[in-house]
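Peer 1: Below are the chains, spelled out letter by letter.
Protein chains: 2
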Amino acid sequence: MSSYRINFLPDEKTADVEAGTTLMKAAEKAGVYINTLCGGKGVCGRCRVKVTNGKIRADKHSISLLSKEEILQGYVLACQTKVVSDLEILIPPESRLEEAQILLDHNPVDYSSPEKIALHRVPADPMTLYEPLTQKIYMELKQPSPEDNVSDMDRIIRELRKKTQYPGFEISLRCLQGLALKLRKNEWKATVTLARHNGIRRILQIEAGNTSDRNYGLAVDVGTTTVVAQLVNLKSGDVLGVAGSHNLQARFGEDVISRMIYACGRDEGLNPLHQAVVKNINQLIKTLTEDKGIDPREITSIVAAGNTTMSHLLLSLIPCSIRVDPYVPTVNVYPQVRAAEIGIGIHPEGILEIVPGIASYVGGDIVAGILACGIADRPETRVLIDVGTNGEIAVGNNEWMVCCSASAGPAFEGGGIKHGMRATRGAIEKVVISEGRVQYRAIGRAKPRGVCGSGLIDCLYEFARHRIIDGEGKLHPSPDNKRVIEKDGVLNYVLVPGNETENGEEIVISQSDISHLIRSKGAVFAAIKSLMDFVGLKFGEIETFYVAGGFGSYLDIPKAIGIGLLPDIDRSKIQFIGNSSLMGARMCLLSSHTMERAAQIAKNTTNIELSNYQPFMDEYVAAMFLPHTDGRLFPSVDYGGI
Amino acid sequence: MSSYRINFLPDEKTADVEAGTTLMKAAEKAGVYINTLCGGKGVCGRCRVKVTNGKIRADKHSISLLSKEEILQGYVLACQTKVVSDLEILIPPESRLEEAQILLDHNPVDYSSPEKIALHRVPADPMTLYEPLTQKIYMELKQPSPEDNVSDMDRIIRELRKKTQYPGFEISLRCLQGLALKLRKNEWKATVTLARHNGIRRILQIEAGNTSDRNYGLAVDVGTTTVVAQLVNLKSGDVLGVAGSHNLQARFGEDVISRMIYACGRDEGLNPLHQAVVKNINQLIKTLTEDKGIDPREITSIVAAGNTTMSHLLLSLIPCSIRVDPYVPTVNVYPQVRAAEIGIGIHPEGILEIVPGIASYVGGDIVAGILACGIADRPETRVLIDVGTNGEIAVGNNEWMVCCSASAGPAFEGGGIKHGMRATRGAIEKVVISEGRVQYRAIGRAKPRGVCGSGLIDCLYEFARHRIIDGEGKLHPSPDNKRVIEKDGVLNYVLVPGNETENGEEIVISQSDISHLIRSKGAVFAAIKSLMDFVGLKFGEIETFYVAGGFGSYLDIPKAIGIGLLPDIDRSKIQFIGNSSLMGARMCLLSSHTMERAAQIAKNTTNIELSNYQPFMDEYVAAMFLPHTDGRLFPSVDYGGI
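Heads up: the protein sequence lines correspond to chains A and B, in order. When the letters of the first sequence are read in order and numbered with this note's numbering, they come out as residues 1 to 642. When the letters of the second sequence are read in order and numbered with this note's numbering, they come out as residues 1 to 642.
Hints are computed from structural coordinates only; laboratory data are not their basis. Please note: incorrect hints may appear among the correct ones.
Any copy will do: because identical chains look the same in the list, a pair fits if it lies in one copy or spans two.
Taking lysine-lysine pairs in the DSS-like style, the calculated list, with each CA pair at most 30 Å apart, reads [unchecked claim]:
#1 Lys603 <-> Lys163
#2 Lys603 <-> Lys185
#3 Lys185 <-> Lys41
#4 Lys162 <-> Lys603
The following block holds chain A by itself, in its conformation from the complex (with noise of 0.2 Å):
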């Protein structure tokens, strides 16, 4: 069969690849990763590239989802174009999948103090609670004689007991071999690692000499869109860095659908989804450690939190039955596992622990959220609102805890929408349409190339207050604004124009994106909303609202409130919190307490399923309008005071 060589601009990579094989697949193999949100399939439209050089054999599929004027410049979807001879092809901004470091530097919310947001969370004795999920211990063993000549196990739990306060011990076969010659040879002086394991303490290693100063853990959010990770020393509790990456599972398909429907839809599904995610977790291992001067094998415990499906895919269990009806996991309290049984690169006897999740869609991620905000902590009735593909609702207190999670769709964080993208550099994250001008702010001050989460809330509420759109979200074209374009019958709102974007195209908000994000408002206020009756709670009733999410770093609580995304409660009530599943993370790998506390409330807590619920029905449809259908919801927000 013939070979062609395919060239991807602007990189210059390039890949030989035979006849037949997709754009996409030629794209992988010379390490270039194009944007997918439906796997593959052809119906997303994310993967569009441009025939820059070469013949293609352009059918219906390959074509399909473009505009006339996109196929006439010679745009194709890598997924579904073959190749037929050798190519140039361009892959424009918004198709790439940046492998690049995530903005982590331009995210306001300091993933290294996490005591900044979770102020509520006020323990009797901080430092009882502070012992993390491996320990090290020095001892300096009396040296046997015939009057005490227990065995140096023995000899080593004797010391353990006097050292610490646990009730048991258990050792790996690994650390006894071997042992006697350490311990004779090193002059009695030893370093026991001890990692919790069920009640009691497991020995995982035993070092000669003093090494209780290098002990690290990796706090991990294991993200449908990032992974980002936190090195901590956990003899001083100090985050010595923090790192993330693209989730490598993008390229099987955008949000947790696709990639359950990649997962199962074949042989052999489910193995490349679990080693993406590994690969993520040991590349951020050497970013983080490297430059440090520390040793993976130093690092000896792993927490990671992430939604059912991404924990799931970690640990290779297959996700399938999450996503039909009734939605059941393998697991929600998941075992603690080797870190190395999966291949993570860390101390051979390291450990991995995933956050435990309430149910198929409210995961680790939320626990560890409830965690960070001490919500299950304290008697005042506290909600958490995480915002992503689904929105995650959980309101409660020390007593009790009922969660919810509705369909949101990826809208707030730019999926699904023409030109959204997620919060990386060029993304819009704030608009403000004041005199007919638009001002915007892209992040890191690039030139824009599309708009992430915050920045949609931001136009959905200019627009209305603007009445650019209507109540039920309409663009009106009118003589007086000329932004408000048709084009192939659909109309647009033009943002930016093309002289200011990076690859010179206007960005533009159409109908279409506009009814998605509506939509999903909708559903997340939706299920706050019918979460509080199910509980007979009104809002005014709720001490703090924290609000996690993907929107970007950055979140306009007023407009949130002002397109009816978050209920009209007062402002200072209401707090973005970010990252909280990696900082509840943390917090687990800091305290085997914490730790223990996140099973306790993954089983403690009570999941309404929305999706068999009829007053959500009733509650979305009542909010698909700005702010919604019941004004009085909303009394404050007034899009008058142009």
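Take the given structure of chain A and dock chain B to it, following the hints.
Peer 2: Below, chain B alone, put in the same frame as chain A:
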């Protein structure tokens, strides 16, 4: 370098080896195993072979320990003689280390009915104690519904809580992987394998359908000389088979001391010993399963009992500090390990438990023996005596237990005795001298090859009774007795003339053999006496003396008393119990409660270190006489009545 062919007779096995290779190594390469006691150091003389064809270069090392007659006949030591030409080598019977099955069927102790000897062990309700280390629980689960959509794992644990009394469960990752599909493809019918693990139950395996009838366990006695295993049906408790083989470590040294020297005297000395015993166990598994239609992966648990050195070697733990003062093992209470971790081929998650030991020279075999006799279960004070290279003694009841170990030498296992041998085919196990005639019985009704422990005790007793030796064990040549002859300046008693033996050479008991035997019996008796004095009891206050050991399959109790090995008490109070180590291992396999008892016994038994204990030294000197220097201790023994 030149290569030569060595042909070993009588098996006609050949090996091609380089010049300079020792005959010992050549034999190993040919798959022929030659006896050794010293581990190839040229000091024990057990590897005597005859060069029947070809040229050797004999030096003082290769002929040391041989008589002039032997040298003239072409005998050399295999471990000290190097190859310089093609050779034909005859391995005489006494130098052969047979890998054949040990003679289990000859053994009057029925391994399949431990109850026969454990009469005193009467648990309140035997059925509550029958709870094997690994259990299979079959369940038919309710299919998930919107009203009942707990995770698959929670569904299983809910059912386990209904069907068992266990407080907690944990699961291995491997069991979760693929679980969702397995349950859904098999109508929610599954069999869960549980293993005792610390205080909780670990789920090792989840199979589709009902496999609860197929769950097997293995009890193993890892003896220094032989390794014996029983295959047990864990559902019924039935013993399905028993098999034994010589410990393959024998090629590195016959006793524990020479094996420790081998393991510690060179780099990589430990691994060959470890691998050898693992091979033993894997071979026994094959033997026990292959004709029964059982897949080794259906074995889910193993309990092994052995002395402390054997237990360490099985787990690949360095035994070096066991050998030197203050005699410290790495561990006494061994961790549960996955059998696969050390290369034992059962179920990949199957567990291996090792019966805990008390000290370096009172190991898990003794604890297993204590369990088998039920000494620790009843208020009456009883004694267990295990005679091997060490004589181990335990005395106690359900409130206290004290033990000790004395170095007795390998005489009663046939070691260090010119024509001594283990209790295998051709070993003389019974000797009666009557009216000057010697009557003997050899195992397997074969032509005699040597004398095993029980035969040696008989000889010593018969020699004393017939005044062939005096109280100090000196042979007295007399014209009346043609059997006492002098050879190379040493007195010998001709037990069997050459025309009756397998190899045509006469079997003799030498003066040196008799001295060895007296030292051995003296050490064992001194240990018993010291221990009794330590706890302040007289022999008469003991309800039962259980005697285990490597004497062979037969022990004449009155004769053992007659030589002063066992105390002079009512014969009916002494029971010979054979392999109590295997029996105790089986009891642990079948009862988690017993396994826990084992750890309690190991922890709560006081070990008296005789090597530092003056009263023992005094007793030892006093016991170097037949039956004893203090005749009042053996009032019923009377050599007078010929």
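Peer 1: Give a verdict on every hint.
Peer 2: Status of the hints after comparison with the structure:
When the C-alpha separation of Lys603 and Lys163 is checked against a cutoff of 30 Å, the pair qualifies only between copies, where the shortest distance is 21 Å, while the shortest distance within a copy is 33 Å. For the identical chains of this complex, Lys603 and Lys185 are inter-copy neighbours only, at 27 Å across copies versus 48 Å inside a copy, given an alpha-carbon limit of 30 Å. When the C-alpha separation of Lys185 and Lys41 is checked against a cutoff of 30 Å, the pair qualifies only between copies, where the shortest distance is 27 Å, while the shortest distance within a copy is 62 Å. In the homo-oligomer, the alpha carbons of Lys162 and Lys603 lie at most 30 Å apart only across protomers (18 Å), although the nearest pairing inside one protomer, at 34 Å, exceeds that limit.
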